[in-house]
Every structure is written in C-alpha cells, then in structure tokens.
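A.B. asks: One letter stands for each residue in the lines below.
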Amino acid sequence: MNRLVKYITRDGGLSAILRYVVLLILIIIASIMAPGFLSMQNILNLLRSFSFLGFISLGMTFVILSGGIDLSVAAIFAFSGVLLGLFQHWGIYLGHVDKLSLLAPTPILFLIVLAVGSALGLINGLLITKLRITDFAATLGSMIFIRGFAFAISGGRTIFNLDEIALFMGRGMIGPVPFVAILFLVSVIVCAIVLRYTVFGKRLYAAGENPVVAKLSGINPQKYKIIVYTISGFFAALAGICMAGRLNVGEPRVAEGWELDAIAAVVIGGTSFAGGRGGVIKTVLGVIIIGLIRNLLSLMGILPDPQEMIMGLVLLFAVVFGSLGTRKGSLAHT
Amino acid sequence: MIENKIILEARGISKSFPGVKALDNVDLLIRAGEVHCLAGENGAGKSTLIEILGGTHQMDSGELLLNNRKINLQNPKNAQELGIAVLHQELPMLRDLTVAENLFLGRQPRSRLGLVDYRKMYKDAKKWLDIINADIDPRTILGRLSVSKQQLVSIAKAISLQAQIMILDEPSAVLTAAELTRLFEIIASFKTDGRGIVYISHRLEEIFEIGDRVTVLRNGKLVGSEPIKNLNRDMLVQMLVGHEVSESYIENKSVDLTRKPVIEIYGLNQGHLVRNVNFMVSAGEIFGIYGLVGSGRTELARAIMGADKIDSGHIILDEKKVRIKSPAEAIRNGICLVPEDRKSQGVLLEKSISENISLPSLKSLRGKVLVNYRKILKYSNEYMNKLKIAAPDSGQTVKFLSGGNQQKVVLAKWIGMNLKVFIFDEPTRGIDVGAKEEIRNLIRGLASEKKAIILISSEIPEILSIADRVGVMHEGRMVAILTRSEATKEKLVAYSMGSITV
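Order-wise, the sequence lines are chains W and H.
Position 114 of the first sequence, counted from 1, bears residue number 114 in our numbering, the numbering being contiguous throughout.
Position 44 of the second sequence, counted from 1, bears residue number 44 in our numbering, the numbering being contiguous throughout.
Next up, chain H with everything else stripped away, as it sits in the complex (with noise of 0.2 Å):
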C-alpha cells in the first residue's frame, strides 16, 4: 500500500508546564485521508499536544510543518486560517447565540453596508448542518439544544471552515449511539476528500473501529505510533499501560471479605454520569474507584453525598435505608465528603485553621447557647497534632499553608467527629510526594480504625497500593469490580476505556 501525502509533520515536541513535563520530543505524522488515533492515560499529554497543533498553547521547542513548509502557530486563529480546525471535548461555543451565529462566529457573512448579513448566515448555516444530516435549525439557541445535538453544531462549524486537518477530541463522549454511527460515516467521507483526521478516544472499540494509525503517548512521551491492522487489543493495551507489568504494589493484608458492610449503593442512578450503579464497602475496607476523567467518579461521590439529587437508586447504611437529601444529611448518617478541588470546595481559604477544622462539629463545641471558643481552640489543637499540619499554631489562615496541608486541614474537619463512611476525591492530586504518602498513611489508618474507606483516583499506582479492592468506572457505569489479587494495571485501563473483554 502506498503512503498518502504527509499534511502536517510535528517534529520534537516539547511542552513544559510549572512543575510537569507535559510533552517531551514528541514526533506526529498526519497523512491525507487517514485517521489518526490518538491514545493515552489521563495526563499522557494528548490534550497538550493537539493544544499546540490547533495554536491555544506554544511549543517550548520542537517544529510544524505543514506541506512541507514551516509554520508557526501563534494563536488559535492562525491555526484555523492554515486549515487546522479543533473540536474541543468542552465545547468553546456562545450558549446565548443561534446555532447560525455560533458557526460563522468571527466571520459573518456581510452585507455591502458593512451590517451583518442574517439570511446568507441563516441559509449558509442550513446548508452545512444539511451535509452532516443534523436535523436543527440555524435559528435555535444554542443553549436550548441537547449536548450531542451542540456537538453536532461544533462538527458542522469544523467542516465550514474546510479545514484540511480535523482535530476531534473525544467526541464520542456525549453522542448518543446514532449520532455516533452518522459521525464515522462523516469522518469517512472526510478521509476520501483527502483531509487529515485526528480523533481521540478513550474507548478501544472505536480507535479499532475507525482509525487508521494509532499513536500512544505515556507521561508526556510518545510510546509508539503503529498502524492499526499491525495491533490487537492487547498489545495496544500493552502500548498505554507501558511494560512495568503487573508490579505487585501490594503489601499484604488479609482482608476478611465476609465482614458485614457498612455502606451498600444499589441501583444508583443521577443524571447521565452515574448509571445504576451498585457496590459496598465494610468497615475497614478501602474500596478503590478508578476511572478516566469524565466517567462519572466524582458525580458518584456528590451523590452519595447528597449534593446532587439522586434520580433512583438506594444507600443503605449498617442494614438500613437511608435517605440523603444534603450533605448535611450524609454527615448526619456518618458520611463524609474529602472533595476533589480542596481550594474551591474543601477549606475556607481566607479562615484559620481551627475555623476550618471546627466547621462541622460547631454544635457540639458550644456551651448552652454559645459557642466555646477555648474548645474550639483544645478540639482544632488536637486534630491539627494528630495529623502533623505543619504551622505555626491554629489561628494560621489556610490560604497561607502547602497543598498538602490543607488537605490534611479537610481531612481534621472530620476524623473528630466519630463518622462511619470516608469518600476522598483525589486525595493526592497537586500535593508533594512526601504530602502524598503522609495522606495514604493517615487513609490506611483509617481504615485500621475500621472506617469503610472510598477512595477515588485516576493515579493507578495509589489505587493498587492501598485499595483492598478496585471498582472500575466507564461512562457513568461500574464496569468492574476487582478484588486485591485480581487487580492489574492492564486491567484497570483496559476496564476504564470501555473494553470488557480482558
């Protein structure tokens, strides 16, 4: 088979972020009439690459060129006037806007007065939405149509600008089965007029289904960039996984499965990221949730909380129903909520440490009427020791601490407070090594406290290391449930991106 024509070569790729190496000499060759898988982990770099391919970020170093010429993406307006259109997974679009006026954004039709010109927009609009057979009209407001349908809108703005390059990320992700089969009927038609398609996935079905070539990136490295009938489903897991194979992170642990549960979730089901999904966790256990971002974890534990409202789907804590209508409720029953942005939703940044830590517990810190500030002070004292938060004393403000401890600030707000159930949301993310494995530590001991333990996160080392077993999330489902011994790391990326036969 001949090779077609090389569009656009990125050569050496390199992109640091503070702190992250986020691509490192990363080489791309997008063909003419091919589609281009790309694949990787949760901060594998993908996103920052087709950043730089589509002008949003600059390399640090490395070079582009586009048949065969240098080119030098300053912005993303640059990227779309040499033919490189994006179609970002967050769609970048004016909810308040017609579909017309969001497709022809920045460049509308005009009139020779210099006005806009409505009826060529309307009709040029109808037109485009017309070749991907989307049944919308140019006139509706964005905001009023369903997501896939949006999606639908971002993919006809993509062909008007008759980019020659095609950058689609994930954007299965909201489509429904339908739409989907009409989407790859589009990309097929794209690759016979010669254009360069670049489709990223986390589903293995469909890389196998409809690219061409696949590229793995790992860590910000490329691993590999194979065509798609050289591979099978195991070696392309092979390929993301990387070949570290099945390192026992495990220490040992007998855990007695046959322990009464503490908390039981059946048939949980909120919006379209949680579906009916069922699991329990006993006391002592730590029951690790692994899954991509965007499958539906974090969705999972706000429900549970109470902080989103559950469509169906029971708790049932120490054998009985619960209803849980707010956090307050969850708290009310034992549950307790260690959110994944600790900035934004775990401490009050601009309060002391001992304001934070007493936040939950006021009630019981109070004398008849008021509030007891010396044991406000005695009750944040001694949870602030126990957990080793490094400051000078309790009245520190908590904007002033390190990530870590703050974390560890969100963690004291409840260890105090005699709870049954503790659900941590990334513990982990954006804190030190040293703060990382400070905070595993003080997980495990609680779960030697005989706390039932839900511990979310997307790092699959953490997750082998002190989970004693593993659910495994896909599109808001639990696809998987794994005991210690069953637990690989092939397993959970291979569960993770939708692929059930391991």
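Bound-form chain W, shown alone (with noise of 0.2 Å):
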C-alpha cells in the first residue's frame, strides 16, 4: 500500500496510472460494442495490427529519448517494402513484370534492404551531427527524399506479388500466433533490456537528458544521435519488409503519415520530448491505446480520414495529461 502511495505520488506517476485507465476504459468500451473483442482470435489478430506501427514507434522511442524527432521513418518503411518487391522482381528491368526473379536468396534480400534502411538513418544522424542541421529539418528533408526515391525505383507502380518467405514475415502464425506479433515482442523485450541494463543505454539516457553533462562526464553524445538515427532506420525498413508480406506488394504509398503515428504512440505513451525520460514498454502502451482507438472508431464506422480528427485531440490530451503530473512536460523544451 505505501508503494502505491509512493508510485502514485512520485514525479509523473499519476500521469503514468492515467494512461492504463485509459486503455482499461478503452477495452471495456471495445468489449462492449464488438462482443469478440476479448476473444483470444481477435486479441492475436489486433496484436499483428499493432506490430506495423510498433516497429517504427521502437525507433522513434530511441530517437527521442536522445531528443531527436524523425520523421523519414515512414518514408524508410515505404521506400523498404518497395526495394524489396523490386528485389524479388529483378525481371521488371528486363522487360517481364509479374514473374518472381530473385535478385538473392529471399533471406539475403531481407538483410540488404535492413543494412539500406539502416545506412539511410545512418545519413540523418550524420546531417543532423556533422551539417548540424536541426533534427526536424533534417529528416524533413530526407522524409520527402526517401518517398520520391521509392516512387522513383518503382515508376509510382505497385509490384504485385512476392515469395514464401516474404509473404511469411507479414502473414505467418507460429500456432496460433502471428510471426510478425512473435518478432514484435521480441524486439521490444531486446530493446528495452538494452535501454535498462547496457551501458548504451544508461548513456543515452544521459546524453538525451543533458549532453552538456553528458560531454563532460566522458559521452560524445554526437555518437549517441547517429546511433539512435540508425536504429531507427533499421526499425522502419523492418517494419516496411513485414508490411510488404502482410499485403504481398511492395507499394510506394504504403504507411503514408505514420511518422505521425508513431511519434503520438511515443508521446501518449509517456516518453518525454525533452529527451532523456521514457522506455520502450511506455510506447508499447501508446501503441496499443492509438491502435485500440483506429480500431474503436472503425467499429463505430468512423471513416479512416475523419478518424484523424480523434486522433489529434486524444494526442493533446496526452500531452497536456502528461505535463499535468510531471514538473516537465511531455512536450516542454529546456
């Protein structure tokens, strides 16, 4: 009981107890209009829905716990999904379209359009450390970049079909659990063990916080920025591949806003934008109570557009929440 106490009363508790009310209100409302909600076919299905959107939310936690934003990591998912359908259909420049011709083995083809998603945040951390551009303007740029880029590859075409093993990434079960779920969870277990219990993560903790501190007690927090960027690339071309098997194209609009997305899953969740304060298991939780809304609002037969109208207060009211409990806001800049 004088934990609870403790718990509720400390810096930002009561904003962090706020956010699971939230999502209880938002299961019981759900379980109430849509009878299977609960059912543990829909919970698995809404788990798969939810990973997509978790991925790049795992590389965006990262980037702003360093006190960066990164808006490319749509564009990357996008620009990944569609470097791996051309992979898959080499033939396209030889003149037959619809016929798989892999340029590799389908798993070698997954590990260079990773290393291209990573080496493309890669670039962001470097413009943004060594340019010295701004975190927003760099990715800005980059963000439009990388979507003309894939636009460009493909000629604006969808690229129909790929392998097995591509189309198992977004569609496999493992029994009954979605593979793309499995890996989901996994990665946010290897991340958040990472942030909590590496001297990496201990690090970026303090460099997002305050890098003049952080400078002086021995971190170059430049390197941090570029490795969050790169991580966060990594996380979006993963992402981009495992939506391309869940739809089996490789389509250049795909994931077109998420950026937004998953900076609001990031921020509802409880992650700082001032840098340094936050975790993973936080954005989990953003993920699910954004899903879990989309997913509500469909149910009501709310339009996906009008949807965003929802979406835009919910994120106020998570913001304005989490400044509510915490001296220093979500959205507060020192």
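These are computed hints drawn from the structure, not numbers from a lab.
Glycine residues also receive a C-beta, built at the ideal position from the N, C-alpha and C atoms.
A few of these clues could be false.
Pairwise CB distance ranges, derived in the manner of DEER restraints [as the list claims (entries may be wrong)]: (1) K378/H / V320/W: 36 to 42 Å; (2) K70/H / V314/W: 37 to 43 Å; (3) I144/W / R95/H: 28 to 34 Å; (4) P18/H / V320/W: 27 to 33 Å; (5) V314/W / N219/H: 42 to 48 Å; (6) R95/H / L313/W: 55 to 61 Å; (7) L140/W / S312/H: 52 to 58 Å; (8) L185/W / K378/H: 44 to 50 Å; (9) K343/H / L140/W: 48 to 54 Å; (10) K363/H / V190/W: 48 to 54 Å; (11) D341/H / T158/W: 53 to 59 Å; (12) E329/H / I144/W: 34 to 40 Å; (13) D137/H / T158/W: 56 to 62 Å; (14) N219/H / V190/W: 42 to 48 Å.
Here are some chain H residues the structure puts well away from chain W; computed CB gaps all over 10 Å [as the list claims (entries may be wrong)]: (15) E9; (16) N133; (17) G143; (18) S148; (19) S160; (20) G194; (21) I210; (22) V223; (23) S282; (24) E319; (25) P327; (26) A330; (27) L337; (28) Q345.
Computed list of lysine-lysine pairs in DSS-like fashion (alpha-carbon distance at most 25 Å, straight line) [claimed, not checked]: (29) K321/H / K420/H; (30) K368/H / K343/H; (31) K223/W / K325/H; (32) K223/W / K191/H; (33) K149/H / K123/H; (34) K386/H / K325/H; (35) K368/H / K130/W; (36) K5/H / K21/H; (37) K368/H / K399/H; (38) K229/H / K70/H; (39) K368/H / K223/W; (40) K260/H / K221/H.
Since each chain comes alone in its own frame, lean on the hints to assemble the complex.
C.D. replies: Written out as structure tokens, the structure reads:
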C-alpha cells in the first residue's frame, strides 16, 4: 500500500496511472461494442495489426529519448517494401513484369533491405551531427527525398506478388500466434533490456537529458545521436519488410503519415519530448492505445480520414495530462 | 578648477536581490564633460548600478536627479528618452539584422506611407559610423562583423541617440589597441561636447589614462569617489581591496615544490581567451587560479578538458605528452572537471543521485554484458556516504537537493574513479556557508590523497585559504604565478586588472 502511494505521488506517477486507466476504459468500451473483442483470436489479430506501427515506434522511442525526432520513418518503411518488391522482381528491368525473379535468396534480400534502411538512418544522424542541421529539418528533407525515391525506383507502380518467405514475415503463424507479433515482442524485450541494462542505454538517457553534462562525463552525445537514427532506420526497414509481406506488394504509397502516428504513440505512452525520460514499454502502451482507438472508431463506422480528428484530440490530451503529473511536460523543452 | 555642472545625481541607491544586498546606499555624481570611472571587484555592484541608471532594474530605495529634477526610470526606453545611453558588455543587438537596422531599432525612419524608409536609414547610419571613423558598411549583417566591429556599431548607436550621459560597460574588453585609441578620441570629443561619461573598466591603466574621477564600490557599498589626479596606483588598489590588508588566511602546511609535476601545460592557446598559458601542478598541490569574469579561467579549464578544441600547445601528464581531444579522453587520462554551473553542466537534474554518481563509471559497474544495478547502488551509496550527501536515499532525484549537495554529487562522480587531476571551477559559488566549508575540506582531502588540484575561484579569501600557489589570469594570459607566501589580496587584484607594477 505504501509503495502504491509512493508510486502515485512520485513525479509523473499520476500521468502514468492515467494511461493505464485510459487503456482499461478503451478495452471495456470495445468489449461492449464488439462482443468478440476479448476473444483470443481477436487479441492475436490486434497484436499483429499493432506490430507494424509498433516497430517504427520502437525506433522513434530511441530517437526521442536522445532529444531528437525522426520524420523519415514512414518513408523508409515504404522505400524498404518497394526495394524488397524490386529485388524479388528483378526481371522488371528485363521486361517481364509479374514473374518472380529473385536477385538473391530472400533472407539475403532481407539483410540488404535492413542494411539500406539502417544506412538511411545513419545518413540522417550524420546530417544532424556533422552538418549541424536540426533534427526536424534534416529528417523532413530525407522523408520527402526517400518517399520520392521509392516512387522513382518503382515507377510509381505497385509491385504485386512476393515469395513465400516474404509473405511469412507479414502473414505467417507460429501455432496460433502471428509471426510478426512474436518478432515485435522479441524486439520490445531486446530494446527494453538495451535501454535499461546496457551502458549504451544508460548513457543514451544521460545524453538525451543534458548533452553538456553527458559530454563532460565522458560521453560523446553526437555518437549517440548517430546510433539512434540508425536504429530508427533499421526498425523502419523491418516494418516495411513485414508490411510488404502482409499486403503481398511493394507499394510506394504505403504508411503515409505513419511517422506522425509513431511520434504520437511515443508521446502518448509517456516518453518526454525533452529527451532522457521514457522507454519502450511506455511506447508499447501508446501503440496499443492508438491502435485501439482506431479500431474502435472503425467499429463505430467512422471513416479513416475523419478519425484523424479524434486522434489529434487524444494526442493533445496525452500531452496536457502528461504535463499535469510532471514538472516538465512531455512536450516541454528545456 | 571650477567643478563642472552636475548632470545626474544618484542619492542613496539601494538594491537587493534574493539573498544579496547588491547595492547599499550608494551615491554617484555625473558631471558634464567628465569621464567618471567605476571600479570594483566582481560582484561589487557596478553592473547593478548601471542597470539601474539604464532602467533595466528598479532601485529599492534612493533617488535619481537629472539636471536637478527627480526622475523615475521604469524601463530602458525611459532612460533612453531622458538621454541616458548604456553600452552593455554583452551587446543586446540582433545578429541577423543589418548594421543600420540595429542602429535604428525601434525608431526606424518612416516614409509618408508609414513604411520604413530604408534609403534614409542607411544614409543616417553611414553618417553616425563616419563620425566614429568606423569603416563599416551599414548594409552588412551584424553577425558577420567581428566582435570589436560590433562594439563600434553599438558605440555609434549610443552616439546616434545623442545621449547626454553615456555609460560604457567595459568597452575595452573586446577592442583592439587601435580601436581603443579611437574610442578614447571619441570619448575625448564627448567631453568637449559637455556630455557625461561613465566608464567601467577592469584595467587600471585605462582608468588613469582616461578618467577624471573614479568611484570605487566594494560589496555593494561606496568606498570612495576621488579625482584621479589625487590618486596613485597603490592607493587605488588599496581602495579596491579594502583595508583588511594581507590577512594571513593561510594555515601552515609545508609544500614540497621539488616534487614531480603531475600535469604540465605548455603554450596553451584556445580562442581569444586562452593565450599562451603555461603552468604545472604536482601531486598533493592545490593550484589556485584567480581572475575576473571573462579573463579566460573557464575557457582554460575547458581547453585542458578537451571540451573545446585547442589551437596549439601541449599537455604533459606524468611526464608523458598526451593529446586530449574530448572530455572522454581527458577522463581516460585521469583528468576531471567539476564545472562552473552545476545545474546545467554538472548533474542530470531529472535523474537520481545514484544514476548521477555512477554515470562516468558505468563500464566498470557491469557484469559480462549488462549493467549490474546492485553494483551501481553499492558504489553510489559508498560515495554518497563518504561525501555525506544529505538525502533520504540514493534514489532521490537530484533536482530536489540543495546546491551544496548537488555539488557533492558532481564530486562523487569522480572520486571513485582513481583520477589524478581534479579541476574545480567555482566549486562553492551559490551554496551556503556551511556547505562551502565542507566542499573546501573535501578539496583539501583530495590534495592530501596526492591528487593534483586546479581550483578556479573568484573569491580571494577562498583562494588564499586553500591554494598552495596562485596563478592570476588577465585577458586570457596567466600574468603571474605566486607562491603562498607571496600571494596577497592586493597583488591578486592588481595582477587580475592587468597592472604589472606591484
């Protein structure tokens, strides 16, 4: 009991509890509106549908912890799917379009796509640290460039049909559980351990909260900036591969606007925009809240575009309530 | 000689800030055609006084008479309209606007349509710049000019206000010798115009060269106001430091200066505030560095630490030449810095005591791969107890600690790391008296453990009470290194103001 009181009254404790209350209310509403909501089948399905946003939100968490922001994740997401599609339809350049013609075995293609995604993130990090462009401007530029690049290499076309291994990434099941959900949960656990139990993670929190203190304590904040953007690029590429498998296409228009959903998920989860506070478990909470709200709104028959209205309000609420429980609000900059 | 007409009279000015009495019943008379120098150590109250005259701060009590009429200054605009212009040390100008736009900020000439008349603005700007012989194109973006040219622009601005009283706050700090000569010519012409000039300087030579009268402040109180011709250098230094002449703050502790040096600095240059600095510190020695604000003390510490890239010079540690390009390398070589502003540079305010203490030592506090929280807790508790940090437990968030305890947290980060050189930059600033003494004892304790200590401080009693030798900095140079028996308050003040003949 004492510990509970201490938990609630500590700095930020109230807003953390509020998030779980919101989640609980959402689940109750959903299970009333849709009787099958709490069935194992539906939960597993939801888990799969949350995973794609989940991946890029994980990467975004690292970036926001470092005090940055990455607008290019959805573009890297789409670019990676297109790249995978092209690599599996290498014949496109030889004239026969819809036949599979693999550039290399699919697992190697995955590795190449992941490496390209990470490299794009690395470039973001270098732009920010070496050329001293602000995080926002650098990733805004690369977002537009990479999305355009995805259109350019695909000629604006959707590339249909991928091979079995690629499809497994998005659709495969291990027993009753979607493979992508397992992949996501493993990623969450790895990220949580990296952040909490490695020297890298602990130094990242320090560099994110106050780069000057970090630097004088022997940490190179710029190095951490570069690494977090690389991680973000990696997860965006992973999400892109899985989504391509799920939809069975390489599609340059996929995930438009998802960078904002990812930022919203991180902030709604309770990671501070000021850097140095938060974590991936919080982000998972944010992803689930966002996913559930979208799911509910769809159940109510509200179309995707007007849904944004509600999403915007939720984000504002999260920010306001986030700053009620803490001295430094989620969006406050020092 | 007939005394000139009094333009501005300040009577019994007092001003308090939370915890400090910045000005206590200070009088000041500014006469037409006279250069009135204002002198005093750091924190003597000079800045507060001119901020009151410039309308930035409001006094708590006292009165201001302008041409024998009582005035009430509510804001800087008030003061400007009454003909009082202040040239600040830090130029309050907009770097991204042109020179002319800065000169006429808030009073741009307008055309009949109410739009800014740029042609007239550039023409007028040129006129004022020509008056002070400044070779500056009014269309240049201010930020592209050198600092001294920017200072000239602000001088032009002050002249263009046609103020009857001009207050110059350490203009010489950033000017070259030629520009300074020009500035003195301009000041001389102001005198013949019958304007009143208040000139603040940290250089004694200047006061004797240009001043007609000097008013000395100490700890917010008026020490005296004398015509320059009645004074010599020693008398002025005496006024500046007070009459508690050469108290011996020093307890007896024999220092063996033949000991091997731990750290040696040769010909260190960094930017314009660290110029050809040489010194060395041996094991168990506390080397004090005294200097006025802006003399380059902090820059020197940052340069040794690798926080700013050095231009030239080298550092020798334990007789081995080292290249330090980042604080991480400095720490690896056994050097650490307890920085000037602990809240923004020393501690992570939002993190716990143990997170802060363990931050530089994380690598040694892990198992094979992962960080071991039990080790972190044990390690930070050990040093928390050793330094007597007052908090319920090491999980306490650092922002809730007092200044003294925060400073101990910064120190605790380094004490367990087996380092050789500790640099302290103003370690006792802004903490209460009891905690100050505790911090000083900790520093003495480190010295007795054979660490080499560099202690930067602007508190002379602090330096004299714990330093074995004192280096004095003035305009980026280490102008003197005094042993404990040579160091007196007078000498430190005189050297720090650039006066060599003591």
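A.B. asks: Failing hints, ascending?
C.D. replies: Hints 2, 5, 6, 7, 8, 9, 10, 14, 25, 26, 27, 28, 30, 32, 34, 35, 36, 37, 38, 40 contradicted; others consistent.
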